[in-house]
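J.: Modelling step: build the complete structure from the supplied sequences, incorporating the hints.
Number of protein chains: 2
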Amino acid sequence: MSREEELKEFILHGYIQYIPHVSIDCAIFGYHERQMKVLLIKHKFLNGWCLPGGYIKRTENLVEAANRNVKERTGIDGLFLQQFKTFGDPNRVKLDGFDVEKWFAVTGIRITRDNWLVDQTISVGFYAITDFVSSVPQPDILADDCAWFDIHEIPPLEFDHDEMVKEALHTMRVQLYHYPIGYSLLPEKFTLAEIHSLYETLLGKKLDISNFPKKLIALGLLRKTTEKRSIGAHRSPHLYSFDKPSYENALKEGLVLS
Amino acid sequence: MSREEELKEFILHGYIQYIPHVSIDCAIFGYHERQMKVLLIKHKFLNGWCLPGGYIKRTENLVEAANRNVKERTGIDGLFLQQFKTFGDPNRVKLDGFDVEKWFAVTGIRITRDNWLVDQTISVGFYAITDFVSSVPQPDILADDCAWFDIHEIPPLEFDHDEMVKEALHTMRVQLYHYPIGYSLLPEKFTLAEIHSLYETLLGKKLDISNFPKKLIALGLLRKTTEKRSIGAHRSPHLYSFDKPSYENALKEGLVLS
Chain E
2 MSREEELKEF
12 ILHGYIQYIP
22 HVSIDCAIFG
32 YHERQMKVLL
42 IKHKFLNGWC
52 LPGGYIKRTE
62 NLVEAANRNV
72 KERTGIDGLF
82 LQQFKTFGDP
92 NRVKLDGFDV
102 EKWFAVTGIR
112 ITRDNWLVDQ
122 TISVGFYAIT
132 DFVSSVPQPD
142 ILADDCAWFD
152 IHEIPPLEFD
162 HDEMVKEALH
172 TMRVQLYHYP
182 IGYSLLPEKF
192 TLAEIHSLYE
202 TLLGKKLDIS
212 NFPKKLIALG
222 LLRKTTEKRS
232 IGAHRSPHLY
242 SFDKPSYENA
252 LKEGLVLS
Chain P
2 MSREEELKEF
12 ILHGYIQYIP
22 HVSIDCAIFG
32 YHERQMKVLL
42 IKHKFLNGWC
52 LPGGYIKRTE
62 NLVEAANRNV
72 KERTGIDGLF
82 LQQFKTFGDP
92 NRVKLDGFDV
102 EKWFAVTGIR
112 ITRDNWLVDQ
122 TISVGFYAIT
132 DFVSSVPQPD
142 ILADDCAWFD
152 IHEIPPLEFD
162 HDEMVKEALH
172 TMRVQLYHYP
182 IGYSLLPEKF
192 TLAEIHSLYE
202 TLLGKKLDIS
212 NFPKKLIALG
222 LLRKTTEKRS
232 IGAHRSPHLY
242 SFDKPSYENA
252 LKEGLVLS
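First to last, the protein sequences are chains E and P. Everything in the first sequence is counted per my numbering, starting at 2 for the first residue and increasing by one. Everything in the second sequence is counted per my numbering, starting at 2 for the first residue and increasing by one.
Everything labelled a hint here was simulated from the structure, so no lab data went into it. Among the hints, a few may not be true.
It does not matter which identical chain is meant; a pair holds if it fits inside one copy or across any two.
[Unchecked claim] Straight-line distance between alpha carbons at most 25 angstroms, and here's what the computed DMTMM-like set of lysine to aspartate or glutamate pairs gives:
| no. | residue 1 | residue 2 |
| --- | --- | --- |
| 1 | K9 | D78 |
| 2 | K225 | E34 |
| 3 | K229 | E168 |
| 4 | K72 | D161 |
| 5 | K190 | D161 |
| 6 | K216 | E65 |
Bear in mind the structure is a predicted one, so any value in this text is a computation, not a measurement.
T.: Set out below in structure tokens:
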């Protein structure tokens, strides 16, 4: 099947393979050395940017659908994916920005009111965090562009995606003390300065440099190793690691803080 | 329209008023004096119990749908409702326990494979907490019974509802330190013993009586008032209240603990 035929089949009969009325949207955050970004996509028939997303195959569970989507956009398989909220409001998808002529030019199909893609849709939001340096953004079949945007320079997004980003950030920040979110963003052993930078960047606020590590150690999230790293004359800070058993126990018990 | 006609209309043409493929399920927890319960429903055509739930009207957002459902089952309007997770797995609803003959006896309708109620459904889970003494459980049109079960004596539930209860508890316990969950379960001013009992019961574990209030005060959740309550000779413990501005700020900022 050619790409055009595939697209036509998806638009006209996609409901056979995918569940109608339900989509997923992914807030993929990128971190690298004090910078935080989010991955956005520009569809050919929309004027603005939005979060990447898609439909759920009838053979997939929700995490599998989100993972497939994240893998297609970033090239990375098996990222830590976390549901943050499901969005369902009769007015959540306003089609004001939807350009029917552009859609026709791209797809060659005049979409009708009874098409499965037009009806009301509820969307399950997932967030993920990765090192943005290691990923290569890939637009999907209907998109012109896919790119990282600094978290402080996000343009107004299509649909209810401004709210999605806000809610994803909110949940990630609450969960930062309960889930092993930092694991993949730091080397196995790291300095207090490195984890301090990571937490300040993800939380979007200044954290007291002396209280912050004490709290993480008191909560049982952080473990001091016997090793040091030499970073210059008279400077060799201790190295730390995440307390993996404590995290795993917390995930099982449901609480780090208790 | 009679109740029978209403039911027939819902089964045959409910997709006009409700969004197909998406439901909500509600884990309604009840608290009263060291006891924690969950509200369960027994459908006429299922052998076991399950969480109350239903479909989303096309004019409703998700919280409105959940609130309508909770109000219908408990008689209480405007409970603090929190989404905890959305469940979507091709195998989540096994119809092994679904008794076709009982269904026919109740509804008078032979349901077909292409009926909108039979197709794959994704369910958005909400949890709520209320004082179970103040609510009167009401079965819905297709249920025989609706009742409170002690959290330690829940029977095996239908569908994936065992997992739903587990996930609802997990999320409630994580959020107990971030959201004003306790508000409606204690009087405006309460003793440390009362909030200690509440937190122990909701978390399902023992909490050190001397450290626990210190932590809540340190986190800015609790405020000591100047008042005392006389509860006997030589016993008049200080009264406390929730630190509402701190909670509201935390909800805005996304974090109590930071």
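J.: Determine for every hint whether it applies to the structure shown.
T.: Each hint, compared with the structure:
no.: 1; hint: K9 <-> D78; in the structure: neither (28 angstroms within a copy, 47 angstroms between copies)
no.: 2; hint: K225 <-> E34; in the structure: within (22 angstroms within a copy, 42 angstroms between copies)
no.: 3; hint: K229 <-> E168; in the structure: neither (38 angstroms within a copy, 40 angstroms between copies)
no.: 4; hint: K72 <-> D161; in the structure: within (23 angstroms within a copy, 28 angstroms between copies)
no.: 5; hint: K190 <-> D161; in the structure: neither (39 angstroms within a copy, 40 angstroms between copies)
no.: 6; hint: K216 <-> E65; in the structure: neither (35 angstroms within a copy, 39 angstroms between copies)
Of the numbered hints stated above, those contradicted by the structure are hints 1, 3, 5 and 6, listed in ascending order.
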